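From first to last, the protein sequence lines stand for chains A and B.
The opening position of the first sequence corresponds to residue 0 in numbering that gives the first Met the number 0, with each subsequent residue numbered one higher.
The opening position of the second sequence corresponds to residue 0 in numbering that gives the first Met the number 0, with each subsequent residue numbered one higher.
The hints are simulated quantities; they were obtained by calculation from the structure and are not laboratory data.
These figures come from a predicted structure and were not determined experimentally.
Intra- or inter-copy, both count: the list cannot distinguish identical chains.
Simulated pairs of lysine-lysine, BS3-like, Cα-Cα distance not exceeding 27 Å:
{"id": "1", "residue 1": "Lys-90", "residue 2": "Lys-118"}
{"id": "2", "residue 1": "Lys-190", "residue 2": "Lys-208"}
{"id": "3", "residue 1": "Lys-109", "residue 2": "Lys-90"}
{"id": "4", "residue 1": "Lys-190", "residue 2": "Lys-386"}
{"id": "5", "residue 1": "Lys-208", "residue 2": "Lys-350"}
{"id": "6", "residue 1": "Lys-386", "residue 2": "Lys-208"}
{"id": "7", "residue 1": "Lys-109", "residue 2": "Lys-208"}
Given next are the chains, with one letter for each unit.
Protein chains: 2
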Amino acid sequence: MPIIVQKYGGTSVGSTDRLRHVADRVVQAKEAGYDVVVVVSAMGETTDDLLAMANQITPTPEPRELDMLLTAGERIAMSLLAIAINARGCKAASYTGSQAGIITDTQHGKAKIVEIRPKRVLESIQAGNVVIVAGFQGLSSSYEITTLGRGGSDTTAVAMAAALGADACEICTDVDGVYTADPRVEPRARKLPVVSYDEMMELAAAGAKVLQSRSVEYARRHGVRIHVRSSFEDVPGTWVQEVDEEQMEGVMISGVALDVEEAKVTLDRVPDRPGVAATVFRAIASEAINIDMIVQNVSHDGRTDLSFTAPIAERAHLEAVLDRIVKEIGAERFTLDDGVAKISLVGAGMKSHPGVAADMFDALAAEGVNIEMISTSPIRISCVVRKQDGERALRAVHARFGLEDGGSGER
Amino acid sequence: MPIIVQKYGGTSVGSTDRLRHVADRVVQAKEAGYDVVVVVSAMGETTDDLLAMANQITPTPEPRELDMLLTAGERIAMSLLAIAINARGCKAASYTGSQAGIITDTQHGKAKIVEIRPKRVLESIQAGNVVIVAGFQGLSSSYEITTLGRGGSDTTAVAMAAALGADACEICTDVDGVYTADPRVEPRARKLPVVSYDEMMELAAAGAKVLQSRSVEYARRHGVRIHVRSSFEDVPGTWVQEVDEEQMEGVMISGVALDVEEAKVTLDRVPDRPGVAATVFRAIASEAINIDMIVQNVSHDGRTDLSFTAPIAERAHLEAVLDRIVKEIGAERFTLDDGVAKISLVGAGMKSHPGVAADMFDALAAEGVNIEMISTSPIRISCVVRKQDGERALRAVHARFGLEDGGSGER
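Please model the complete structure; the sequences and the hints are all you need to start from.
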């Protein structure tokens with residue numbers, strides 16, 4: 000039978016009632032003729048609650064033990080879901096990341112999947128079970144329990160789908176697809192029926208929360224088709240998949256994203272000599288802090304300013320690294336500004352349409368929004384603006400590119 | 000360095016504050032020169048809360064999945080404790096039952112430990128860690144997560160102590176030792192400095208909650224000395240160990256226990272032929288229901304009544320078995336009376352003191368308490384009485400044998 004992987008996020012399994020509803024959906028898929036593998040996150044706020052308990056004890060909990068603690072969350076959700084499915088007369092069995100053969104590197108709290116050994120999952124499928132797998136967790140090469148970091152359950156689901164040769168990986172969540180902008184900020188945003196891996200990765204990196212960018216990268220590399228859809232309503236969502244150049248014809252922009260959870264970091268008067276940038280970003284990377292929008296301008300007097308954006312959540316961690324780096328490279332100082340927003344325009348079609356950047360800057364200027372940083376990739380343009388201008392900027396850009404319902408940007 | 004195993008129950012780790020206090024005690028033991036292995040239960044009411052969620056979904060949760068669910072409880076407690084100990088600058092690492100090499104049989108919910116493979120725990124000790132082990136759980140021979148049943152953490156602790164050749168197994172709990180009677184019922188009860196394995200097993204089987212009888216049996220078989228003591232106060236508790244016959248001289252009774260959580264079950268008019276009792280009790284044992292006080296009286300007309308006591312908590316389960324058994328053996332019917340209490344007098348010395356039983360029955364008669372069932376072992380006499388007479392009966396017997404503070408039964 001064809002295999003389908005379904006992933007349910009924390010909101011979708013946030014109560015025993017919701018777990019029962021998810022059980023109904025799983026049983027439906029099974030009855031439709033699929034072998035079903037379900038990946039679950041922890042229920043509702045469980046992960047945050049566990050984290051809060053650890054922080055009551057110490058602000059710097061031991062990473063190995065924190066992973067041991069947090070993995071209890073998925074364990075609770077997955078076993079309750081298995082209980083609910085079994086109660087419907089449909090056989091189900093749950094497996095921890097370790098039992099499901101999810102092998103990671105040894106980086107606690109932000110481990111990367113290095114291999115899936117799906118033997119036990121396949122045996123369980125062959126025994127007729129719906130298989131429930133804990134998201135977000137794995138076993139390291141040194142036999143320690145690890146977690147994949149926030150949003151890691153998406154990656155678990157895609158990796159399982161790849162390892163099992165599944166037909167598709169359904170990401171069932173509290174929104175019903177990928178939109179041209181966050182509908183809470185721009186009510187006229189439009190649901191995209193299809194989006195390419197590249198665009199989805201840029202959208203995710205730009206702050207669209209619907210999918211973790213690492214999971215999209217994994218899906219592209221292994222050719223896994225992702226279906227982002229609602230956990231609650233049975234309506235078609237958005238397919239994330241390979242899109243032919245032909246299909247792209249005439250499509251310019253797929254969406255605008257806003258990210259208010261990043262800070263602008265600047266290293267002032269960095270000596271402009273080879274190897275300095277490498278030193279800075281290797282040090283940051285070795286702490287597994289994800290950064291975006293690296294910008295360096297031309298230098299004066301042999302010195303330059305180096306800016307980038309980084310998650311505000313990593314602030315303490317980042318400042319410790321930068322204190323060290325500033326001394327090491329002989330920069331003047333660093334500043335961290337958390338009053339910014341990043342607005343990004345994403346679209347594979349912009350490659351062949353010159354003038355997109357100018358149109359975007361123009362739209363922002365017309366709204367009186369000042370641009371503090373600019374960074375571009377072949378399919379994305381990102382601007383850093385003041386945080387209070389963020390939502391207004393998003394709506395202006397969304398309108399300028401005709402992305403609203405019935406607008407010209409439709410695919 | 001000598002190894003000490005400390006077990007902390009759910010009340011002792013019931014909050015992050017209490018976990019911090021336990022961490023202090025563990026670090027003290029480490030600083031006193033011991034290698035410390037800590038076995039923890041789930042925090043406070045966690046196990047009951049998880050069970051309640053499962054029961055919200057279905058009254059009959061799948062046993063495999065229920066074990067997966069419940070084991071999340073110790074996982075949370077042990078990782079938080081490891082975090083607290085690490086925060087004190089003392090290295091600690093936590094291990095699940097599976098990781099700690101606790102191998103059980105395959106009986107979900109009531110698994111028995113069949114083997115301890117302490118390789119990973121020993122390596123962790125040698126690496127200088129305080130080792131925290133999840134109580135109550137293990138890995139079955141078919142690689143499934145199992146639980147040992149209520150109170151199983153005591154058995155985990157004793158089994159680890161045996162496997163590691165520990166100096167002692169400290170059971171740290173919310174009472175400061177084993178008393179001649181439950182001090183909440185008989186305020187004049189006296190703490191016993193030492194009690195033999197046999198007596199402790201009889202006291203546990205008779206309803207004393209301080210230790211699980213299975214853990215005492217395990218300790219006796221492997222010669223593990225148990226020290227029952229307070230988690231909160233640093234005072235000597237009760238040692239459970241081998242006691243020489245000589246030391247027993249003059250000691251008659253070690254305590255009186257009351258159990259109000261058992262029901263009296265009677266099979267009426269059972270055909271009196273060989274093999275009937277075996278059929279009944281094999282069927283009950285195969286469901287892993289612990290029974291006590293089996294009593295069969297002389298028969299009339301080739302039929303007899305067969306009575307025993309069993310936990311009220313197993314009622315539904317037991318009734319299902321008995322429905323089947325009654326038909327199979329051709330008995331008339333069964334009755335289950337949950338309005339009873341079991342009062343037991345325990346003492347290794349009673350072997351050599353005739354008249355103890357008579358004194359006990361006399362004490363009950365003087366209080367006007369009617370005896371419904373009697374069962375004796377070489378070191379225990381148990382009587383079933385009406386539940387409302389239980390506490391009064393306990394106090395009467397406690398006084399009759401001079402067990403109160405300053406009384407003649409002192410060791």
